[in-house]
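Chains as they are written, first to last, in our numbering: chain V, 21 to 163; chain L, 21 to 163; chain H, 21 to 163; chain X, 21 to 163.
Because the hints were derived from the structure by calculation, they are not lab data.
Repeated chains share a single entry, so a pair holds when one copy, or any two copies, can fit it.
Lysine to any residue pairs mimicking SDA-like chemistry, simulated, CA-CA at most 20 Å apart:
hint: 1; residue 1: K130; residue 2: G74
hint: 2; residue 1: K114; residue 2: A90
hint: 3; residue 1: K114; residue 2: I151
hint: 4; residue 1: K111; residue 2: N156
Nothing here was measured: the structure is a model prediction, and the numbers come from that model.
4 protein chains.
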Amino acid sequence: MKSQNKKLDHCNITTGTISFRVRYCEVDRMNAVHHSQYAAYFEMGRTELLRDNGYDYRDLEDQGILLVIAKLEIRYKAPAQYDDELELTTKVAKIDRVRIEHEYELVRPKDRCLIAQAKTTLVHVDRNGKIQPVPNFLCPENG
Amino acid sequence: MKSQNKKLDHCNITTGTISFRVRYCEVDRMNAVHHSQYAAYFEMGRTELLRDNGYDYRDLEDQGILLVIAKLEIRYKAPAQYDDELELTTKVAKIDRVRIEHEYELVRPKDRCLIAQAKTTLVHVDRNGKIQPVPNFLCPENG
Amino acid sequence: MKSQNKKLDHCNITTGTISFRVRYCEVDRMNAVHHSQYAAYFEMGRTELLRDNGYDYRDLEDQGILLVIAKLEIRYKAPAQYDDELELTTKVAKIDRVRIEHEYELVRPKDRCLIAQAKTTLVHVDRNGKIQPVPNFLCPENG
Amino acid sequence: MKSQNKKLDHCNITTGTISFRVRYCEVDRMNAVHHSQYAAYFEMGRTELLRDNGYDYRDLEDQGILLVIAKLEIRYKAPAQYDDELELTTKVAKIDRVRIEHEYELVRPKDRCLIAQAKTTLVHVDRNGKIQPVPNFLCPENG
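Construct all of the structure, not just a fragment, from the sequences and the given hints.
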């Protein structure tokens, strides 16, 4: 975590986009990205959005700020294939006292095909799994 | 597929339970089953429910009857850990002309802990990805 | 770990066989089990061989006895496919002061096809990753 | 495949380096990249080395040129962790009539730590799994 000895900066950047290629091992015998794989992509999107705001999720977790998935919802629109370049947009949709909701849009820029849309709900828990209030610095300043 | 030369039997069994152990590689650095892994468990549940009805999903797929995931929704209730024995109940919740909905309940029998609840929507597509009517034999006889 | 307050039993059982089905998500676009997946099967083989001897690897690890892979060697003989039932034989090939070597044979009983042969070398490390002597109870009594 | 209607270019570039970050889902409960994951990294290395030479492995495979793993050998030197940036160097070590051997070195540039060294042997098979001579264009011009 940056700025350890002073007031933490807020996460004011609420949308981010990453690009990546589909790996061989992520594709199933129908030649489509296996549907379980998308959750890993969304996780990468959240990690990079946090990094855009100056935080490493690894450090947060090492300090006991665990953000766990409480709910996942994915709508699969079209299959993505091995070696496709995909673009994932991750957006903080809502933060309240105990929950952070993200929305995702996964597209294949080459043909502007929408691959999937998704939503996740995270909760902040301590090392014992007890739900904790969402840390203030994770919210936008005027959020 | 069984009974290739006569009228296919209907899938009258609509609920099934499987047991399995959490593998080491399925667990993350929080010592919990990674949330992307559950989709693979649910897939096993559907495969075995189909087998209970006398069909191999492998054969269906080889014959061009592809059942693809259109929607997935998971609610994570409690973490499961490495080497836990889990029990998954898979239920056909609804079938209409183009969609099959399953509901899932994943529990850890040892302490009767509810690990997750989920829903999936499958659609039947041909090899070109075009949506097809759900084959009649996949529906219960009086369904 | 069993027998916590007395002398630990030795791991005298040095060979074990497990059966399992190939999962959909383990198969790639060539319709073959992805070659990275085999390492997870071998890990299951080691876990169950330890259980045959009365020990849970989870407990060992929680007590700080970490067995990490130092070397892996796999020879792929024939592809395994989705829904195949496979049989894995795991054997302790050699134990010395700092290393445990296992050998594996993965077959498909249906057609007696040899799928893969493999070897792993494990070392015992503490939580800081420092190599430790192999605990005595992991060796056969007259080994 | 490029240059479909003329003589294919040889793969004269025999070494390539890629960088990537360790994903959350790739790490196990010891907080280390799971040992099965490395094979997927090496596969990425081969894919990108082929791309450096102007070929897409996806296209080769779609045309029936299947390169399958016959042998994999990994020596694990140090654990890599979640969010580490890693650098993988992939080198064609040897090509003969029926085999392509690659060597790999995986390092963490931040602390110059050697994570793993590996070797793979690929063979060229047709869609029926029958071994075929290695296509000439995959060899360096004077190789």
